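Trainee: Next come the chains, spelled out residue by residue.
There are 4 protein chains.
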Amino acid sequence: MQQSTLVRLKNDLELKKPILVVGLPGVGLVGKLVAEHLVDELEAEKVMEVYSPHFPPQVLVNKDCTVRPVSNIIYHGKANGKDILFLVGDHQSTTSQGHYELCSLYLDIAEEFEVPIIYTLGGYPTGKLTYEETVLGVANDIKLIEEIKKYGVEFRESEPSGGIVGASGLLVAFSRMRGIDAVCLMGMTPGYLMDPKSAQSLLKLLCKIFEIEVNTDSLQKKAEEMESILEKLKEKEEPQGFPVVKPTDEDLRYIG
Amino acid sequence: MQQSTLVRLKNDLELKKPILVVGLPGVGLVGKLVAEHLVDELEAEKVMEVYSPHFPPQVLVNKDCTVRPVSNIIYHGKANGKDILFLVGDHQSTTSQGHYELCSLYLDIAEEFEVPIIYTLGGYPTGKLTYEETVLGVANDIKLIEEIKKYGVEFRESEPSGGIVGASGLLVAFSRMRGIDAVCLMGMTPGYLMDPKSAQSLLKLLCKIFEIEVNTDSLQKKAEEMESILEKLKEKEEPQGFPVVKPTDEDLRYIG
Amino acid sequence: MQQSTLVRLKNDLELKKPILVVGLPGVGLVGKLVAEHLVDELEAEKVMEVYSPHFPPQVLVNKDCTVRPVSNIIYHGKANGKDILFLVGDHQSTTSQGHYELCSLYLDIAEEFEVPIIYTLGGYPTGKLTYEETVLGVANDIKLIEEIKKYGVEFRESEPSGGIVGASGLLVAFSRMRGIDAVCLMGMTPGYLMDPKSAQSLLKLLCKIFEIEVNTDSLQKKAEEMESILEKLKEKEEPQGFPVVKPTDEDLRYIG
Amino acid sequence: MQQSTLVRLKNDLELKKPILVVGLPGVGLVGKLVAEHLVDELEAEKVMEVYSPHFPPQVLVNKDCTVRPVSNIIYHGKANGKDILFLVGDHQSTTSQGHYELCSLYLDIAEEFEVPIIYTLGGYPTGKLTYEETVLGVANDIKLIEEIKKYGVEFRESEPSGGIVGASGLLVAFSRMRGIDAVCLMGMTPGYLMDPKSAQSLLKLLCKIFEIEVNTDSLQKKAEEMESILEKLKEKEEPQGFPVVKPTDEDLRYIG
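Protein chains in written order, with the working numbering: chain H, -4 to 251; chain Z, -4 to 251; chain C, -4 to 251; chain X, -4 to 251.
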């Protein structure tokens, strides 16, 4: 069985205890939107690529008709003079075993660079259509929870009650055994569609924690596009009832 | 492929040929309820943790919003001066291969500590709603069957006719090749829902075998709660017929 | 990943270029019925057991309430002074990969004992309810086909057109690369139910090839029981039409 | 876990930087039809066989009732004095992991023989019944795209938008990391049935690139047979509507 492959694009990568921010695809694509926005705004540089037989056996086509394999990518950026690594990607693992294998690989990298804290970003599906600005959290340490609370993150007893499926959860839980602090921040989202509005709330909060300011125009634009799409859907379908397909319980359990 | 991981929490664990009691999730959660009840009542101490890529790629959220990976746990307790190891957990393997791999790991531990006998606990789905106090057994040795019969366990020719799926069965069958006695005790249960009442019957019998007495208040309370839930469901739905969804054949084959 | 395990029950097994007869579960259980009948009639002795994580994670319960893991078993018998190995079992692999792995293991054993020829036994699903005595064949060598034809085995151009799925097919194809002759003999069967009648036809032909005679009373009894069951089903259901569930195309492709 | 196996049929294979042409089964069987046609017309010689536990656990029956395992085959032919390797086969991998493993194996072979360029052939499902002669392309290098455009291959921005699933895509993307040029050529096809007409368009274009001429009678004949089958289907079913089952989105995403 072939294993996942890490390709290092820079051999002389010198980082000072970088923070790791993880935004892989999940509910509402909230985490992916936030992390990729920061990669763009902070002009972060691609430093590692991860390929895996646990990704779909598929290639993606670029605008210029060249192709690239499905991958997860690590970028290096700086904010407030601090190093930040961003883990983003096209897909999460398609198998249970792959989730565990990739999580283990990412924590090896975190250990290698002496990452002191990991922020995994995701969406929390409410199943309701109304917008909420709340950002929900879980963490791998009780003291850390107290600190993060100060920034306005909500911690609700035993929530999410169905647990957290995928990289966002596994990285937080298993980083404890490596002595790394970790928190999962989840933007509340209906969970039906890509949610740039929820991403804005989550981004705002993350900027507060990092003590940085970033331009949010592109996210704002995406949010407006999304709203106009929803508006059109509502106009069209309102007579027959609810415009969007309800996610199954299975979908709602996924937080990513 | 990453394999299952055993984390030893105590390096100086000295046990005198401990009994191994296995109560993993299965039909009616009967085995899990009994084993976890004994862990609580005997104030057993956590001594090992098992993580596996064959568990769901998911983390569970504690009351205080910290998270923990899905795991199986081994506790060490004492009853009547005898050492007992309890194997309990959040999930069984989600893959066939994982069942075999984890079973092999657990039997390695049993051999290491010179376990003389294994009791796996489970539920036997009757498909009927009426309660039965019977505890059914299978074992890996004909002499052992004769001994266990004395405590009131019923052994019915070729039953369960569909075999036993999961850890409860595999551990009993494969322990024979390691020279370890093993018996699987199954509380009769409708099989539709968590069944603390069936767990009480099974617990009673196990206490008789171990010559111990334990407080059963918490199980009794759970049983009463469950009955009141069922009562309410019946009141609501009786006019339209049977209140609970019937398990599929697939469900009924699972004994756990 | 745990691999399949071979347990040798006899260390001093001395065989003179034994024939290998394979009768694993498949369509109509034809191959299994024939091979197990010969094991009984020739009083063959159990010499090897095979366990595999590719079998269902399940144990089977014996009449006396002891349990045994799902396994494939190799027996050693003698017919006409010649050594014969019989490969029978509870299940075939549940995964594609397992089929290839187990097939490779069985051919290792065949090579070790210098097996000159392998007969795999199976059923050929006709999808019709009428009985046919025909036995169909495929082989891994054109000369071998000519020889086997003499015994009355039919070879039909490109048949079975859907190929042969499972051990019966893989063993015949891959044995060629090991220099071992192999033929797959398939009793024609409706394919809906266990078919002891088709097994009788196949057994008769195999006895002709081996130049032996065996008592077929028990198979005859099974065939009569089966017919009386079918008779009852027909009586009951004829008014509403066809008594038995039609297999799907998927089922019919399986030859075993 | 057993891995894929490469069998070399010739030990002294001396090739001068051969081109690799890949035509494995996919949408409309377009790629397979073209590659197998060239193998026949150029009288290419079988030089390697690949077996894999990721192929279906099945054997295929030849006309003469001998059997052969599912395999991928590499042939060696010559066109215009240049060496060409053809990779064709019965099946692609049935698992994601197998796709990655086999792709890696094929690129090892390409590296070993210093292949300068790979052409993977496939079909592009239009979902429409009308015929189009267009051949669509993607490649792993922007300069290569400019070169290939000259032959009349169309490159459409970000198309196929759903990516390319299977060997045709993976080989093009991953060959970049080995320093090998690669292009995927896709014949437009309704995507519902085997499409020898689309194969003819693709073949014509490939011959232009290779500066060769080949007899296309057999493809032409297949195309006529197919059309007469479609004609009959239309006559029969037109009153009840559209004659052919529409592929699902899942089917249409597959390009092969």
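None of these hints come from the bench; they were simulated from the model.
Note that the coordinates shown come from a computational prediction; the quantities given were computed from them, not determined experimentally.
It is possible that part of the hints are untrue.
Which copy is meant is left open, because identical chains are indistinguishable; a pair holds if it fits in one copy or across any two.
[To be verified] Capping the alpha-carbon separation at 25 Å, the derived lysine to aspartate or glutamate pairs in DMTMM-like fashion look like this:
#	residue 1	residue 2
1	LYS227	ASP85
2	LYS58	ASP176
3	LYS58	GLU149
4	LYS138	ASP59
5	LYS217	GLU154
6	LYS41	ASP136
7	LYS229	GLU36
8	LYS123	GLU141
9	LYS144	ASP212
10	LYS11	ASP136
11	LYS12	ASP78
12	LYS217	GLU152
13	LYS12	GLU206
14	LYS11	GLU38
Trainee: Taking the hints in turn, state whether each one holds.
Mentor: Status of the hints after comparison with the structure:
no.: 1; hint: LYS227 - ASP85; in the structure: neither (28 Å within a copy, 45 Å between copies)
no.: 2; hint: LYS58 - ASP176; in the structure: between (39 Å within a copy, 19 Å between copies)
no.: 3; hint: LYS58 - GLU149; in the structure: between (40 Å within a copy, 14 Å between copies)
no.: 4; hint: LYS138 - ASP59; in the structure: between (49 Å within a copy, 11 Å between copies)
no.: 5; hint: LYS217 - GLU154; in the structure: between (29 Å within a copy, 23 Å between copies)
no.: 6; hint: LYS41 - ASP136; in the structure: between (30 Å within a copy, 20 Å between copies)
no.: 7; hint: LYS229 - GLU36; in the structure: neither (33 Å within a copy, 57 Å between copies)
no.: 8; hint: LYS123 - GLU141; in the structure: neither (29 Å within a copy, 50 Å between copies)
no.: 9; hint: LYS144 - ASP212; in the structure: neither (27 Å within a copy, 38 Å between copies)
no.: 10; hint: LYS11 - ASP136; in the structure: within (23 Å within a copy, 36 Å between copies)
no.: 11; hint: LYS12 - ASP78; in the structure: within (7 Å within a copy, 46 Å between copies)
no.: 12; hint: LYS217 - GLU152; in the structure: between (33 Å within a copy, 22 Å between copies)
no.: 13; hint: LYS12 - GLU206; in the structure: within (17 Å within a copy, 57 Å between copies)
no.: 14; hint: LYS11 - GLU38; in the structure: within (18 Å within a copy, 45 Å between copies)
In terms of the numbered hints stated before, the structure departs from hints 1, 7, 8, 9, listed from lowest to highest.
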